[in-house]
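Chains as they are written, first to last, in the working numbering: chain A, 33 to 511; chain F, 33 to 511.
If you are wondering where the hints come from, they were derived from the structure by calculation, not from laboratory data.
Just so we're clear, the structure is a prediction, and the values are computed from it rather than from any experiment.
Take the hints with a grain of salt, since some may be wrong.
Any copy, or any two copies together, can satisfy a pair, since identical chains are not distinguished.
In silico lysine-lysine, DSS-like type, Cα no more than 25 Å apart, as pairs [what the hints assert, rightly or not]:
no., residue 1, residue 2
1, 365, 152
2, 365, 155
3, 365, 327
4, 343, 89
5, 403, 365
6, 468, 226
7, 403, 343
8, 332, 131
9, 403, 327
There are 2 protein chains.
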Amino acid sequence: MAEAITPRSQDFAQWYTDVIQRAELADYAPVRGCMVIRPYGYTLWENIQKALDRRFKETGHQNAYFPLFIPYSFIQKEAEHVEGFSPQLAVVTHGGGEKLEEPLIVRPTSEAIIGHLYSKWIKSYRDLPVLINQWCNVVRWEMRTRLFLRTTEFLWQEGHTAHATYEEAEEEARLILDLYADFAENEAAIPVVKGYKSESEKFPGALVSYTIEGMMGDRRALQMGTSHNLGQNFARAFDIQYLDRSNQLQYCWTTSWGVSTRMVGAIIMTHGDDQGLILPPRLAPIQVIIIPIYKNEEEKAQVMEATDRVKAALGSSVRWHVDDREAYTVGWKFNEWELRGVPLRIELGPRDVANKQVIVARRDLPGKEGKQAIPETALPQVVDTLLAEIQAHLFQKAFQFREAHTQQPIDYTAFKAAVENGFALAFWCGDAACEKAIQEETRATNRCIPLAQTAEARGRTCIRCGQPAKEQAVFARAY
Amino acid sequence: MAEAITPRSQDFAQWYTDVIQRAELADYAPVRGCMVIRPYGYTLWENIQKALDRRFKETGHQNAYFPLFIPYSFIQKEAEHVEGFSPQLAVVTHGGGEKLEEPLIVRPTSEAIIGHLYSKWIKSYRDLPVLINQWCNVVRWEMRTRLFLRTTEFLWQEGHTAHATYEEAEEEARLILDLYADFAENEAAIPVVKGYKSESEKFPGALVSYTIEGMMGDRRALQMGTSHNLGQNFARAFDIQYLDRSNQLQYCWTTSWGVSTRMVGAIIMTHGDDQGLILPPRLAPIQVIIIPIYKNEEEKAQVMEATDRVKAALGSSVRWHVDDREAYTVGWKFNEWELRGVPLRIELGPRDVANKQVIVARRDLPGKEGKQAIPETALPQVVDTLLAEIQAHLFQKAFQFREAHTQQPIDYTAFKAAVENGFALAFWCGDAACEKAIQEETRATNRCIPLAQTAEARGRTCIRCGQPAKEQAVFARAY
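Given these sequences and hints, build the entire structure.
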């Protein structure tokens, strides 16, 4: 029997760590705050990458690669940026056995180095827009780390674009926000709130930071991707200028946006249950686990022959895997692949072979409800349909869960109760001091100001201070 | 008119740098020895990655990700390994504003950190083999750098496998050698010599280092990929043990292997000419450049309509791009896409439209020889055929070039002449001192001992010292 995981209902944080390690998604590295992404977790990340990368390329972006090391002086050029990142930097002081004249920082994000190169590459309006993305590792020295959610080194993609006008930069930032939301909802099956960050929560140096926020299984919020309209701040700091059509020098308008391996954490925490992971079919490394069941050599011959027919029927239309290891019992395998979150299980025993059928079991529906016998001949179609149903069901379940735990409190007492229990969608004054007080009093932060406001602010008051309201915001305890 | 590049025939090194910058493959970074890979160069790298990654997965390997930072003490555990890499290390001494208790090194390669984790993951023979690869960045502090060929930071893949027996590790190392050679010859169109390194040239800590060596356009050798049988050296240093079938603890046998962004340099230097790059169709970011030609609005309407038909005919079977920019002349575009090495050009003018034809021009054949008119209706098939012909022709040309510049010298005088002019395949004694003397006297290094020896060593003598010969080796000046 495999080592048991802590039930999610008992201790969410411990369940999270247990699942990651037992499912072999990741492991701790010998360097504090760093992680190793194991093959099962990395394949999930590769599927995330493919789904995002396809969307980036369809919208005209190209990939490139910028250096890991950034001269210390570069990061100091944008005032808010250096203030935001200074406490988190890893610094290289020695190279090739000698002390460096100028220390190098390991990129925490690449606005500075990319800004430097854009200033060199961009000369004319004909060079615009520049639409570049890179997939890479970044390092931010973190005090409290958690696998996938907050690690000293993490993998991500960072898009960096340059435009001729404010409008184009704003359009780009919004396009990416929509792209991220589409990915989250249709690939990861996680409903998200699209919004923008308050002044105190936005990216250091940005004009506007758009964000997608999801609700995890413990009802806390997770920021799952951000898209920043940087205005001309970085263009001025790094001298990114172009000659416009009337031959005048103008500063560019830039954006940056990113999604990281944190997305893996979001998938685990949104869909998982006491038995372990539940992976959305569109991203699952293995969509269908096939388990042949037999007691003797005669049965084995029949069952393995049927297994070959099933494999041929499924072909390359789905990602399937046959677990034919003889060192493990059928019961152990059922538990193992449930823990690993494989959306669909196909069982094949002698009685099924005799009936020319297979038993199909859904990971997202418990016991008998998710189990059915289907004729071998119906195989590829029924599997396709079931995978689509599971994908839709996971999204629906997560959506209903979020709706059930989102409240619109009428006063601060109700607000405090709401953030104990999930999201509070509340009117607020827009003042940073009030926002900070809310955090100190309730441990809830301002996650975002939703783009879709459900009511007008006119005539409303701030949930905490009673001053005239500026808009609605989502407050929640967050990762 | 675009800035001209130095002709290859005039100054190979300058041509190389010019081509990379003018074709926008890469640029220098503000940190010494580092480079930026621009979208055109990165798309080429992505195509290299896809072709290799498919081969890795087909042979049972999975991707994972290990940390960038390695505790300094780890790299010291394997004696030859630390000696080999110490002078090249970049060291992080500060993190999060504080001095670190133990400095961290930025990985120059990951045997040490991966060895540590394998010792934790591998318990029984049932866990073997472990077949893992990672795509990542590595850092080696280099004194003399050259874009793609030798940079302080570079991108690569590094495979790390663990096995139960010597035989299995050896089989893996050879499998990967063959896989690399297959990739080089059939995707990059570069003929390679498969061999193994001499004792003094092998990877620090390896039992045997296999290599593929190519001949560049200046007749110098380039090491294009290596595959190491590490024996039990790293398993002993990092305590990677497993319980065998009779419940005895055994050390694993490990391998490691890698191909880097240097491969881009190999492609440039093998196929390019005075006009710029020539990219092998299977890896080219753009396989077909379509250039509409017109003088007035009436012609434009006709030509653009025909262009749409051509695009539809080609569909997604090839990677095509239409250059319909009006700010540039047709002549400029021809030069530009020749410089960027696009294998095939389609020209579409009013006369072609009238004749329901297109003009197709091959990048690998000069002037009229590579140009033909083909009927629109023949389009997708003829393009497919031509791309295959170009791919084969590039390989043949490179193969003949290498053969023409490989000699089997009969004495040391002839040897010296041979290495001035290309490869010398010569018998040698196998002694490191003699090998070093050859290098000092001729600037040629021992590239490898070819697996396919063309003659027996018995009765032969060393090309330099006259002692009995051990085997044939390829000597050449190298990058």
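Evaluation of the provided hints:
1. 365 with 152: between (57 Å within a copy, 23 Å between copies)
2. 365 with 155: between (61 Å within a copy, 19 Å between copies)
3. 365 with 327: within (15 Å within a copy, 70 Å between copies)
4. 343 with 89: between (33 Å within a copy, 18 Å between copies)
5. 403 with 365: within (17 Å within a copy, 62 Å between copies)
6. 468 with 226: within (22 Å within a copy, 65 Å between copies)
7. 403 with 343: For residue 403 and residue 343, only the intra-copy Cα distance (20 Å) is at most 25 Å; the inter-copy one is 48 Å.
8. 332 with 131: neither (66 Å within a copy, 62 Å between copies)
9. 403 with 327: Result: close within a single copy only, 22 Å intra versus 68 Å inter.
The structure shown violates just one earlier hint, number 8.
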